[in-house]
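*Asks:* Spelled out, the chains give:
Protein chains: 2
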Amino acid sequence: MKATYEIISQRGLEGLVIQDITEEADVGYGSFYNHFQSKDAIVAAVIDASRKFSGGLHEHIAGLASDRAEAFAMSLRMCLHLSRADRTWGWFLLRTALSGGELRSGIGEDLQRAINACLKEGLFKYDDSDMAYEIVFGLLLFGTLKLVSADLPEDYPDKLVRTALKNLGLADEKINSALEKPLPDLNLMPFLDAA
Amino acid sequence: MKATYEIISQRGLEGLVIQDITEEADVGYGSFYNHFQSKDAIVAAVIDASRKFSGGLHEHIAGLASDRAEAFAMSLRMCLHLSRADRTWGWFLLRTALSGGELRSGIGEDLQRAINACLKEGLFKYDDSDMAYEIVFGLLLFGTLKLVSADLPEDYPDKLVRTALKNLGLADEKINSALEKPLPDLNLMPFLDAA
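Sequence order for the protein chains is D and X.
For the first sequence, our numbering assigns the number 166 to the initial residue and increments by one for each residue that follows.
For the second sequence, our numbering assigns the number 166 to the initial residue and increments by one for each residue that follows.
Just chain D, with the same shape it has in the complex (with noise of 0.2 Å):
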């Protein structure tokens, strides 16, 4: 699974093969079969998994903020932190996002989804729906391009964050004190790493 979530993060999903991944692990070509049924079984587990890490971390964020506004922005942060801190996890996050895959379909409704509840609850305030979900998701893509590409100042993501915020309509004094949240720490449990 740390084979192929790598050859993903190196080249995407498509045109990916058996022996690509049985050639990265180093093991035989037939012995993966002994795991996994085939290609598209090994990849669903690899993209669930990846699901499960950021859903358990974004749970813990939430426990850790003060309202739906704050656990939203805490998770944004973190999302670019992580992959300012592992260029993996954020090349791996970029191509499965470019896959058409069923992890882009979940982060974008995951989003959609906690956009949605702070708007409910009076936190978010925007007129052009629409348009501030692209905002938001346009900035975490190419936001994640970037700190993949380059080195960027180590505020680069809480800038983003701030901008993704203000186009949402969150409160200034909300915005800051989302800000300024310590994070928990990132290098606790890189993905698949502890597996």
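Keep in mind that the hints were calculated from the coordinates and are not lab data.
Any given hint could be a false lead.
One copy or any two copies: either way a pair holds, since identical chains are not told apart in the list.
Within a straight-line C-alpha distance of at most 27 Å, the following computed BS3-like cross-link-like pairs (lysine-lysine) qualify [said to hold, decoys possible]:
#	residue 1	residue 2
1	K217	K167
2	K290	K346
3	K167	K346
4	K324	K346
5	K204	K285
6	K285	K331
7	K290	K331
8	K324	K167
9	K217	K204
10	K217	K346
11	K324	K285
12	K290	K324
13	K204	K346
14	K167	K285
15	K331	K346
Given the structure of chain D, go ahead and fit chain X onto it with the hints provided.
*Replies:* Below, chain X without anything else, positioned relative to chain D:
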């Protein structure tokens, strides 16, 4: 070159080998070397051709626009409308943007240069220069991803561009006129089909 373009569009640059290209083009492996010295040479030729294609369209548009800001707006609209009309082209842009290859830095530099020129002339006005660029590039990246992944309404590209221009601080009446200006016929010359 067309086969290479289509493979990049489908799977990206990473892991591409000459055999993929000759199989897609349905020619013998050895015949490749009658035309190109290496895989990198054909990839560079395709990316170069795509930049010339884009450059030609942007120049044509600049001739139709009444000022730099309008030219910028029409170019953004054209980028997005092209990806909507021709998903192969849209995927090609996305996948090369994620390759760390020349095209990305090319587009990024062109965009930054165009924005800076409009700022200098006082057409764009914004406080936080870094983040307006991030918003515009994020909208372009995420908008393109949405346009190649789903059937979206014909007015979606222009909605994205309106949001981008607002964030750049372009005056409302200038935004409206830039969005009303007719674009050149985008189906006139599909990339590499004319070759």
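*Asks:* Any of the earlier hints contradicted here, and which numbers?
*Replies:* Violated: hints 3, 5, 8, 13 and 14.
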